[in-house]
Amino acid sequence: MISTLSTDNLTKILRQNCFEVFDLSLQYKVDHDALNNRYQQLQKQLHPDKYINHPDSSLSIRVSAHINDAYNTLNSPLLKAIALLEQYGVILDLNKDKELPISILMEQMELYEEIEEANHDIDRLNALAKKLSDNIRKLNDKIAQDFESMDSRQPHGWVRGNDIISGNKAQPVTIAKAGVQTPIYNSYVIIIEDIKKLAFYNKIAQQIDDKIEESW
Amino acid sequence: MSITITENAASRVKAFLKNRGKGIGLRLGVKTTGCSGLAYKLEFVDAKSDDDVEFESHGVHIFIDNKSLQFLDGTQVDYAKEGLQEGFRFTNPNVKGECGCGESFTV
Amino acid sequence: MALLQIAEPGSLSEPHKRNIAIGIDLGTTNSLVATIKNATPTVLQNQDDEQLIPSVVYYAPDETKLIGSPALKMQVVDPANTIVSIKRFMGRSFGDVDPTISYPYSFAKTEGIIEIATNHGYKNPIQVSADILRELKNIAIENLGEEPTGAVITVPAYFNDAQRNATKLAAQLAGLHVLRLLAEPTAAAIAYGLDTKNEGTFLVYDLGGGTLDVSILQLSNGVFKVLAVSGDTHLGGDDFDHCILDYIKDKLGLNKISDKDNAFLLNLAKFIKESLSDKQSITVNEITPGNQIINFILTSDEFYTISAQLVQKAIRPIKKALHDAKLDINAIDEIIMVGGSSRLLNIRSQITAIFNKPLLTNIDPDKVVAIGAAIQANVLVGNSKDDYLLLDVTPLSLGIETMGNLVEKIIPRNSTIPVSRAQDFTTYKDGQTAMTIHVLQGEREMVKDCRSLAKFSLKDIPPMAAGAARIRVTFQIDADGLLSVSAQEQTTGISNSIEIKPSFGLNDEQIAKMIKSSISNAKIDMQKRQLSEAIIDAEALINTTINSLSCNGDLLEEEEKNKINQSIAELQTQLTANIELTQKIHIIKKLSANLNEATTNLATILMDMAVKQGLIGKNI
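Chains as they are written, first to last, in this note's numbering: chain A, 1 to 216; chain W, 217 to 323; chain R, 324 to 943.
Treat the hints as calculated values from the structure; they're not laboratory data.
Quick caveat: nothing in here was measured; it's all calculated off a predicted structure.
Accuracy of the hints is not assured; some may be wrong.
Examples of chain R residues toward chain W, derived with CB under 7 angstroms [said to hold, decoys possible]:
1) L326
2) L327
3) Q328
4) I329
5) A330
6) P332
Each computed SDA-like pair below joins lysine to any residue, with the alpha-carbon atoms no more than 25 angstroms apart [stated by the list, open to error]:
7) R:K593 with R:L575
8) R:K579 with R:I617
9) R:K642 with A:D134
10) A:K130 with R:I677
11) W:K247 with R:N866
12) R:K642 with A:N75
13) A:K211 with R:L650
14) A:K211 with R:Q632
15) W:K234 with W:H274
16) W:K247 with W:D294
17) R:K643 with A:D123
18) R:K574 with R:I605
19) A:K203 with A:I102
From the three backbone atoms N, C-alpha and C, an ideal C-beta is built for every residue, glycine too.
One chain only, chain A, in its complex shape (with noise of 0.2 angstroms):
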């Protein structure tokens, strides 16, 4: 039986960021069997179901949540792609930042007329989510890159580059403001128009999605 772990452990989970509480490396790669192996391991340790009756079972609860969040963080390309930028010092934030980079503008407007063709037919919607989800994998590979060549350039530059785009930690960082053209922050620019075509990529793929299921 494995032991519940203290107030303090606790506490100090709920401040780590989503790599730290897997014991992960800073890296867009992230070795799934370990990160498996390892969000089992906590949960086991401290989910509610094991401070029954407990004094900090509220304090579990908070604790078992953030693990599931860094857990579906690390899940998930787009979240995933934001936390490691957000460890390089700057905070992306797609609500606030919805400008599309230019260079996807056409794509999109092509994609949305093929949804709107396809209307409820499900083998073209079927066609179309396929076609997306090799798109994703594609961006997906072309991140990881992205960080790769970064992290062998200048892995702790990124700390002081956001402080010269950005001056303030807090504020969501825009393409237009990083604007300097060194190749560090050209490199900056790539990533933050990736990430956004990921995102705009996941949108579409939701709402063939929820077509699909409007079908059934």
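Given chain A, put chains W and R in place with the hints provided.
Coordinates of chains W and R only, in the frame set by chain A:
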């Protein structure tokens, strides 16, 4: 008069004693509570009492107080796994009835 | 016997002092209570040896109420005061009542919670459910001789926050300590999964009397993770009953019939449905209480035809669950069938055809949920050494109202619980000091299509320029699937935190009233428990005494023996006496004490003998 313990149970007792770091054996006893009259007790022993009867089985020293012995004579102690639980099981020839939960019995 | 652990010297706890945990399946049609006895999950029986207790409450013209089978018998006699399938109304308001179904009840025309007029006044679904739960608790006490430490209550996986809250409150009113609300299909998976210990992916198909749940779970490394749930809270075996009822009425031209005849025919329809689970056709020849002659033949083929639409509706959630879990049909290793209505042959053949696999039905579909709940309850109170863990999900998305009556999703459905999400809000006017937040549950985009859970105001926001205030609202869903909301103003550092519990259509006054009336019930419960304990103790005493007398009775004088026998007889007659509760407890305790006193001498003699024998043993 005899009390026996299976080899499997003996090895578990020895392991438990070793983990505990002290103790000279295992105490078996009965208490007069429970819904069917009597209940078993099972404890580590640190020192022998004056009214204890001592047995040895598979290298484990078993201590039973005089009053309990009449209810336990002939008992065999085994170590068993049942579904999700494991623990020691008493096979007691004197038992005539058990309560629903199996924690107490009548003789 | 129970398996024992070695204790530290002198520290041994009294027997029966361990935690007694029960699992309760509070069903639409039947309810069950189970516990772990001698390491084996056991469904407990009531005094009439029933395990399936009909979820029916009858409120008689006098003070009495009947629960279970006796209440069910009253359905035909007095349908208006016999509340059946109350689970369908849990967490719902009067506006939610399906107008196409004819109910024999008169509902209060209120805005909030549903209230049904009975001989005992207006009863809401929480109170009726509490009456059923109290009966189950008493069955547990009668069987176990003491009050359970805690209970796991199962709910349909697809129950929303209001329905879960209503269930938890009902359990609390019944005097139960709720360890956890557990999704029914998850409970079934626990019963099967821990039975076979097979790792893999399970699909649970749970068709009960009133609800349908489909869950997909994965068991690996001792962690049971729910991947997706889907279902229909408005579909169950009852619908098939009504389908047959409509067929009968249609076929025989019975448009206007009395409530009594309707109740009679509904029971008949249920019987026909159950018969067609193992027969090709059924010949009906009955006369209703209102002297209508019912005479026809229904074949299973005809039944399939008239219920084809329902079956279609009952299959759809499988597709949705697979889709949500991002799995295809081949990824499912086992299909577990749960709920009485999963016996319907047309449902079974459809599902077998979809997966091309045999269905798991070896644990009784009526009992598997209660068994799983009992296993989980036993783990939660710490009786089990097993370190498996259950990770469930929230079945419905949680969102808030935004501009234009739209819902913005904050926590998507099928998120593993517990889960919490924070969202920042700001003011849109200068000096604004309050704002309203409307929390909803559901998958649709418009506010009106989702279930409103709570509407609350954030007050005392420090006056600032528009957009300057930052209020962080945290939405948390706990392991019971229940929502709580807290809010905090960020920029000023004023920690003005609030805690809101959704009220699901009940106001504070109503809750207070319900709690008050449940206290008087709790007193009766306590007395019942004391009586049950006194009887068990007395029976044990009688047994021990009789045994000692038969072995060693010759050691006593005839007079003393007679006195003991007389005490036994006196006590025995009172055990079954039909007298008032408190009086009975008092008499049994007094007579038990008398018997104890009468056997003092016998006990001393026996102890001396034992000591002597013990010494002999030592000498040998």
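Here's how the hints hold up against the structure:
no.: 1; hint: L326; verdict: 3 angstroms, holds
no.: 2; hint: L327; verdict: 5 angstroms, holds
no.: 3; hint: Q328; verdict: 5 angstroms, holds
no.: 4; hint: I329; verdict: 5 angstroms, holds
no.: 5; hint: A330; verdict: 5 angstroms, holds
no.: 6; hint: P332; verdict: 5 angstroms, holds
no.: 7; hint: R:K593 with R:L575; verdict: 18 angstroms, holds
no.: 8; hint: R:K579 with R:I617; verdict: 15 angstroms, holds
no.: 9; hint: R:K642 with A:D134; verdict: 23 angstroms, holds
no.: 10; hint: A:K130 with R:I677; verdict: 23 angstroms, holds
no.: 11; hint: W:K247 with R:N866; verdict: 17 angstroms, holds
no.: 12; hint: R:K642 with A:N75; verdict: 23 angstroms, holds
no.: 13; hint: A:K211 with R:L650; verdict: 18 angstroms, holds
no.: 14; hint: A:K211 with R:Q632; verdict: 23 angstroms, holds
no.: 15; hint: W:K234 with W:H274; verdict: 16 angstroms, holds
no.: 16; hint: W:K247 with W:D294; verdict: 20 angstroms, holds
no.: 17; hint: R:K643 with A:D123; verdict: 17 angstroms, holds
no.: 18; hint: R:K574 with R:I605; verdict: 15 angstroms, holds
no.: 19; hint: A:K203 with A:I102; verdict: 17 angstroms, holds
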